[in-house]
Amino acid sequence: GIQVEQSPPDLILQEGANSTLRCNFSDSVNNLQWFHQNPWGQLINLFYIPSGTKQNGRLSATTVATERYSLLYISSSQTTDSGVYFCAVAGMNTGFQKLVFGTGTRLLVSP
Amino acid sequence: EPEVTQTPSHQVTQMGQEVILRCVPISNHLYFYWYRQILGQKVEFLVSFYNNEISEKSEIFDDQFSVERPDGSNFTLKIRSTKLEDSAMYFCASGGQLNQPQHFGDGTRLSIL
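First to last, the sequence lines map onto chains A and B.
Numbering-wise, the first sequence is residues 1 to 111 according to my numbering.
Numbering-wise, the second sequence is residues 1001 to 1113 according to my numbering.
Think of the hints as simulated: they come from the structure by calculation, not from any bench.
In this text, a Cβ means the ideal position worked out from N, Cα and C, and glycines have one as well.
Take the hints with a grain of salt, since some may be wrong.
What follows is a list of derived Cβ distance ranges for each label pair [what the hints assert, rightly or not]: (1) Y73(A) with N1052(B): 21 to 29 Å; (2) T103(A) with Q1017(B): 25 to 33 Å; (3) T80(A) with R1080(B): 39 to 47 Å; (4) E5(A) with L1113(B): 33 to 41 Å.
Starting from the given sequences, assemble the full structure and let the hints guide the process.
Structure, rendered in structure tokens:
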């Protein structure tokens, strides 16, 4: 099945810093979503981005489908950005679009 | 914005007992999913459900698990005889069409004693 790798596994930032999180996947996809898991365990959907670029406030994401990677950019980070960021993909040949999650990037933003 | 709701938010059960986790997907969605996340690990697919039947299931989804959409609005996950290793966060998700995002509920944290 499709493999998803995220990097870095852990990231520590000072408040106000910028960061880039990466997601590599092993096959063509027709669904790619970025999630933020907050300290209460909720999965917050950030972007649905199987291709192209999107922006939402301080966050933006780019997926280069032909090269099988996606990037999540966080600018001017805040302590509330702390948590785990997951990339999840559904392979092109997956009939009912089950999402395969990466192992996540754990982000800690300190004041 | 419509959302997926899950109940209960936390369930504590004795090993060997049956447990039912409940989900109300977004009303016009057609595709339904259950995922689980063992503490500190990644989220794993359990099962997908479409047109009143299971469309795909993972190796985790053995005979102890079942899903049902009893009344056109609820979507349930039943674990027949719980084991310690079933302790996890269980997420329900729904999707309107293929090639659209899946919307996740807030999860049910299941603790087996």
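Status of the hints after comparison with the structure:
In this structure the supplied range 21 to 29 Å is violated for Y73(A) paired with N1052(B), their Cβ-Cβ distance being about 42 Å. The hint said 25 to 33 Å for the Cβ distance between T103(A) and Q1017(B), and at roughly 31 Å that hint holds. Checked against the hint of 39 to 47 Å, the pair T80(A) and R1080(B) passes, with Cβ atoms roughly 40 Å apart. Separation of E5(A) from L1113(B) is about 35 Å and conforms to the stated range, judged on CB atoms against 33 to 41 Å.
The structure does not agree with numbered hint 1 stated previously, though it agrees with all others.
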